[in-house]
Amino acid sequence: MSPEVRTTRRGRTRPARYRAVQWPMVLWLTLVWWVLWGSYSALSLVGGVLVAVAACWVFPLPPLRMRVRLHPVGLVVLVVRFAVDVVVASLQVARTTLFPPDPLRNSLVEVRLRTESDLVLTAVAELVSLVPGTVVVEAHRGSHTLFLHAIDTDAAGVEAVRSMVWAQEARVLAAVGREGVPPEPTR
Amino acid sequence: MSQVLDVTGAVLVLLGSVLSLVAGIGLVRLPDLLTRMHAATKPQVLGLVLVTGGLALVLRDGSTTLLLGLVVVAQLLTIPVASHMVARASWRGGQVRHDLLDVDELTGSSTLQEDRGAP
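For the protein sequence lines, the chains are D and E, in the order given. Going letter by letter, the first sequence gives residues 1 to 187 in my numbering. Going letter by letter, the second sequence gives residues 1 to 119 in my numbering.
Check the hints yourself; a few may be wrong.
Here's a subset of chain E near chain D, in silico, CB distances under 8 Å, partners left out [said to hold, decoys possible]:
#1 S20
#2 M37
#3 R60
#4 D61
#5 S63
#6 L100
#7 E105
With the C-beta cut set under 7 Å, the calculated list includes, among others, these residues of chain E facing chain D [claimed, not checked]:
#8 G26
#9 V28
#10 M85
#11 A87
#12 R97
#13 D104
Covered stretches of chain D, going by a simulated chain E footprint (3 or more residues, C-beta under 8 Å) [unchecked claim]:
#14 32-42
#15 45-53
#16 81-90
#17 151-157
Since the hints were made in silico from the structure, they are not lab data. The beta carbon of each residue, even a glycine, is placed where N, CA and C say it ideally should be.
Could you put the whole structure together from the sequences, leaning on the hints where they help?
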């Protein structure tokens, strides 16, 4: 994933500039500002927009290079499944914490995602570190690989962790659209 | 009706506090940093969600509920990043107890030799 480059009229290449102010970000920051302010007046709305634009200007972020097309059904499945998983995972880790098996064996699992998208990599990493007994130790952007530390997992459970991450990825893809998915699943 | 909400809210706050307590116990009892990050992320997040949910039921105020929702969203977004940064720092700093690992696919992984595309 090299940075996007643009060729100038003289034939030289340089990194493409991106717009610092992106409207979804401004919308979200304004909403946060409004909620934090507590009084839902026009004045706080205007103030929120100004602060949001200023924040985007000062701390620019690169745009997502993926066209996100939300699928309502996939999104509902993702959110509901996530909510259930959060409860299950929390109780599991709580049990491991209170009654640690002896010996407590953990594993570091390498999972190569099938999608070449930074957004999917980020989303899966976020979800996976909240949901099952895993913490992301390393993320390799070039090959879209996550290295996960799985608690209370021995050699027999490694494949289960891998397929669980791929299932999570599939749910994310079903929610945000399959843009950026190679035709053949690469492993 | 309001009594039911009050009691449900109180029960949720209590459950959330218990889970947060478990997270605290885990930080003390678990053997190394990576396993401790598990305790610091999962039961703690559900604990916070339950406490905020309980508060929303007890307070029953629209603007407060929105604020509590914002707290939950911020927590869900930042906890994985924070735990990843701590775990990565400990890994790169060599502060990992390899005797607790049954399978280790990270040490010497050929993937790390490929172009990173990012730090």
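Outcome of the hint check:
1. S20: violated, 10 Å
2. M37: holds, 5 Å
3. R60: With Cβ-Cβ at 16 Å, over 8 Å, it is violated.
4. D61: violated, 10 Å
5. S63: holds, 6 Å
6. L100: holds, 5 Å
7. E105: Hint on E105/E: holds, closest Cβ of chain D at ~4 Å, below 8 Å.
8. G26: For G26/E, the interface hint holds, since the closest Cβ of chain D sits about 4 Å away, which is under 7 Å.
9. V28: violated, 10 Å
10. M85: violated, 10 Å
11. A87: Status holds, d = 5 Å.
12. R97: With Cβ-Cβ at 9 Å, over 7 Å, it is violated.
13. D104: holds, 5 Å
14. 32-42: Coverage by chain E holds for the segment 32-42 of chain D (5 residues, Cβ < 8 Å).
15. 45-53: violated (count 0)
16. 81-90: As far as the segment 81-90 of chain D goes, the hint holds, because 4 residues have Cβ atoms under 8 Å from chain E.
17. 151-157: holds (count 4)
When the structure is compared with the earlier hints, violations turn up for hints 1, 3, 4, 9, 10, 12 and 15 and for no others.
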